[in-house]
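Asks: Once you've looked at the hints, go ahead and assemble the two chains, each given alone in its own frame, into the complex.
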Amino acid sequence: MKADPGFYDYWPYENRPRISWPDGARVAFWVAPNIEFYELDPPPNPQRKAWPQPYPALPGYSIRDYGNRVGHMRQMALLEKYGVRGSISLSTALCDHHPEIIRMCAEREWEFFSHGIYNTRYTYGMSEAQEREMIRDSIESIHKHTGQHCAGYLAPALSHSELTLDLFAEVGSELFGDDAGFYTCDLFHDDQPTPINTRSGKAFASIPYSLEMNDTIAYVVNKIEPRRYGQMLKDNFDRLYQEGANSGTVMCIPTHNYQVSCPHRMRAFEEALEYITGHSEVWVTTGRAIARHFIDNHYQQSVADIAARSGVN
Amino acid sequence: MPLDNDYLRYPRRKYGMDHDRYDWSLLTDRRPVQWPGDARLAVWINVGLQFFPLNQRGKPFAVPGGMTMPYPDLRHFSLRDYGNRVGIYRFLDAFDRYGIKPGFAFSAQLAERAPYLLRRIVERGDEILCHGWNMDSLHYGGMDQQEEAELVERSLKRLRELSGQPVTGWISPARNESEHTPELLAANGVRYFCDWVNDDMPYPFHTANGELTAMPLPTELEDAFIVMNNLHSEQSWLEQVCDACDYLLAEANEQGGRILALNIHPWMLGQPHRIGKLEQALEYISSQDGVWMAYPSEILDAWRSAAADSA
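Protein sequences, first through last, are from chains A and B.
The first sequence begins at 1 in our numbering and counts up by one.
The second sequence begins at 1 in our numbering and counts up by one.
Keep in mind the hints are simulated off the structure, nothing from the lab.
Please note: incorrect hints may appear among the correct ones.
To be verified - Below are the DSSO-like pairs computed for lysine-lysine, each with C-alpha atoms no more than 27 angstroms apart in a straight line:
#1 K144(A) x K2(A)
#2 K49(A) x K223(A)
#3 K14(B) x K144(A)
#4 K49(A) x K14(B)
#5 K202(A) x K81(A)
#6 K223(A) x K234(A)
#7 K157(B) x K14(B)
#8 K59(B) x K49(A)
#9 K49(A) x K2(A)
Because the structure is a prediction, the values reported are computed rather than measured.
In isolation and in its complexed conformation, chain B is listed as follows (with noise of 0.2 angstroms):
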């Protein structure tokens, strides 16, 4: 039987994107972004801090880096466990090493798990995200909007609750979402999220209860896509990483503040052969000319002050 005649009609084919989350624009046709003190990349290092249950219900999907082995999967529980007991304050050393301000996107249960964690991160004075409740929480298409609603609202107030924060970043476990999103976001004084790979800039995002900004966030330049899912070398990584660098600085020169946004997971880089290339990584990036290292918040203000001095 043939296709429905409606599969040769195209309702949303004209200018613009087809839909109404956001403008079309070329990052190019942008006004030209100044960093603080004429800096040139913005470096953002982001931290999953991440809790995946053993009782892994799967829906709608199997998260990535998650369970995969039946009941109880002890493998991938406690390995992933091991970037938050172990991993992390290597982390943490080469952060201070390098003068990094890292942002931390925590589970929210992870947060009431690891007590002595949260608080050390506190302590630090680093930003906190929240990114969901586990990663086992997925939101989703077609998922039950009051479920959604309560998970978010959750997520969010015992975030704030334990960490002493206004948590105003949000990161959606496996960056999926459902079509309501981005209004429980901005409904639950979310100020920006990083779910949308598709700008190396901030934008704006249109929602019912008013705007959120998307942040770049780039996944393709994750540790856990390039050695877990694309089973590149550690060596692949760091180049990976510099190249990246090297680019948008070049691009910065023509075309004004660019961000290098750096999403590690410590179950990954923080093993012992591994967590020698996030420090050749952190030293290459911090020795760099016109570099400003700076929590998601600052680069969101500055580029939103640079917007404002535009119009």
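The following block holds chain A by itself, in its conformation from the complex (with noise of 0.2 angstroms):
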């Protein structure tokens, strides 16, 4: 074990080089709705359990089964509403189970991206070679169901392993070369894009994904009013808009269609969204789309100024 994964040097917020992004917006918002399958009855993992009660967990299993019989069209089309084409962190089993919500987000040119096969199979214990397959079967199944090169990774249920990021960046170079597995949501140290060490050294980005703004965390875990949720995403894009005016920033709102997409919940999200895209200078994108600009238009600059001051001046 490392006191540091040795992802990515210190490198400072203040006085970095300008990120500017398509028509000079200041802020690149995106939503990340995570399309999940939790199994009632998952294979045991020796480090983690998958639900608190014996078989049949229901409690747990029902509400997030919820999401995709019932929340998914919600979310769906107010993001339609709004103009906001999701980025969706798939449990690519999913593709198996409900075909028709992928082909649904396919039509409306949704980002798929992976999440792993289900949300209840964990990445602890995995060795490399078993990793890496379940990271192909992940991409391959995605290009299999919706035609696109999966970009972006968030680890199932944020499970991982030392080799995580190195084995996604691998396996997409030898799927689609240079067009996949370029990004990474599971790294939450910053506001902006930052380029990410990974052994075959390939072009390789971290995309603001925020634990903040992710409705899990803000209802489940830290039992946020829905209200405050809804005010919350306001001030976290005030903010960002504000700083943006000097240099780029990205907010991203990860979703669950369990959470988020409840009948006494909706009202929030909806007001933050009508909110954010409501503003000018907003580039309303995907993960995709962000890596790329930040990989071909500021990697290099980049990396570049993170060497320069990592000697502290």
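Replies: Structural data, given as structure tokens:
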């Protein structure tokens, strides 16, 4: 085990080279719906229990199923209303279980990125070969069902190994060259994209995917009242919009249909979307587009700046 | 040691659900439902009338809302009892004022212990559901099958004897089940149950002993979940209920009849400082256009006949 994963060097927020988004936007805004499949009876993982109750653990299972049966259509309609194409963090087995959802999102040109196979299969304890196979399976599933080259990764249930990012970058290249496997949502160290060191040396970025704005973290972990969550989203945007006048920032709202799409929570989410998309100078986009733009336009200058500033001056 | 390679095999990875309990279906793909009188929103207020034993076993887990202190936990025992002695009578007044037709989910043992309360509910003519034997008699995976069969039969039989009602609705304590619970419910004359919180409308649920209907009763909108579990304010509970009511009414305009099912507890909202919020919620809901106050069995029957009409 390491004291530091070594993915990035210390890089102060102040005085960085300016990031410029398309059309002079201040904030790159994206919404990342997690479309997940949890198994009712997953195999046990020695390091993490999937459910608190013995099989059948229906309280947790059934509310997550609600997200797919009921919640998805609500969020999809809402994002469409505000001109947002979702960037889906996908349990890729859902392509097999619920292809209707995949088809509808593909028709709307939403992005699909890998969130593993099931959210009840954890990376913990996998050998390098096993994790590589799981990641490859997920990228191939996305390609088979949508034709897309998977650009991004969020480890299933945020379960990682030391090699997760390396393997994702490598498998992406093996399958589709530089057009796949070039960004991660697994790190929460910044409000701007940052270069990530992987062992292949590929141009690979971390794209801000805010844990604090994540509806499940807000509602389930932090137990926040819906209207306060809506206000937090607006406050988060206001500050990133203000700072984005100097150098482009990124705001992400990660969502889950079993949380944000409940009838008593839709209003807060809608008010925030209306507020954010009602501003000019906001680039309403996808995770892939942000990562591509950053890598194509700002990656080299960022790497150089990090190297120049690593010696304290 | 790495995981067994079986961890990367997915025998249930195919179309539909990963079990055979019900069919996969998007809510929006189903035929719109028409409620009686062209109502858009059926409103079912459900009251949990629960007995939490002082000598809680907590098997296989301590029921939420139950005893948390070393024995004898007089604090929680008596505070839960408060609901059945005091809070419930505030509820009844509020229901009458706003024309509510509530369902009462009884711990069967409470019906034995509080005959006055049971008679009062029976005389009102409201619907009684079975909420298990008591809150510490949990149904859970791996429990002895004979023990559970006896528990289900005893709970329903006793509640039917005492109430004189057919009692065809069921809510498991803590909404927890064993792998056999649905079969046992179907075998004992239950028509609908409310443990699976995966839909906003009823849907058919398969058992080896015939079909049940799963009725929606969202945990996430419960008083105990919002106020006790999440520590939200009473005002926030009211806002969340009103927001849900607005949202479902609007959705019903586009997609056909919807249900606002609200599960509440007299030990929580029956407190003097909270009852006003319940009254405001009921006032708000009952003043909306297109609302149908109904017992759960009435909603179930209307849903079934709407489904039959469209078949």
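Asks: For every hint, state whether the structure bears it out.
Replies: Hints and how they fare:
1. Between K144(A) and K2(A) the alpha-carbon distance is near 37 angstroms, which puts this suggested pair outside the 27 angstroms criterion.
2. A hinted pair counts as satisfied when its Cα atoms are at most 27 angstroms apart, and K49(A) with K223(A) qualifies at roughly 22 angstroms.
3. Simply put, K14(B) and K144(A) have alpha-carbon atoms about 15 angstroms apart, close enough for the 27 angstroms limit, and the pair holds.
4. Between K49(A) and K14(B), the direct Cα distance comes to roughly 24 angstroms. Compliance with the 27 angstroms bound is thereby established for this hinted pair.
5. Between the alpha carbons of K202(A) and K81(A) the distance comes to roughly 37 angstroms, so the proposed pair goes past 27 angstroms and is violated.
6. At most 27 angstroms may separate the alpha-carbon atoms for a hinted pair to count; K223(A) and K234(A) meet this at roughly 18 angstroms.
7. The straight-line distance between the Cα atoms of K157(B) and K14(B) is roughly 41 angstroms, outside the 27 angstroms bound, and the hint therefore fails.
8. The suggested pairing of K59(B) with K49(A) holds, with an alpha-carbon distance near 19 angstroms, which does not exceed 27 angstroms.
9. Our distance criterion of 27 angstroms between C-alpha atoms is met by K49(A) and K2(A), whose separation comes to about 24 angstroms.
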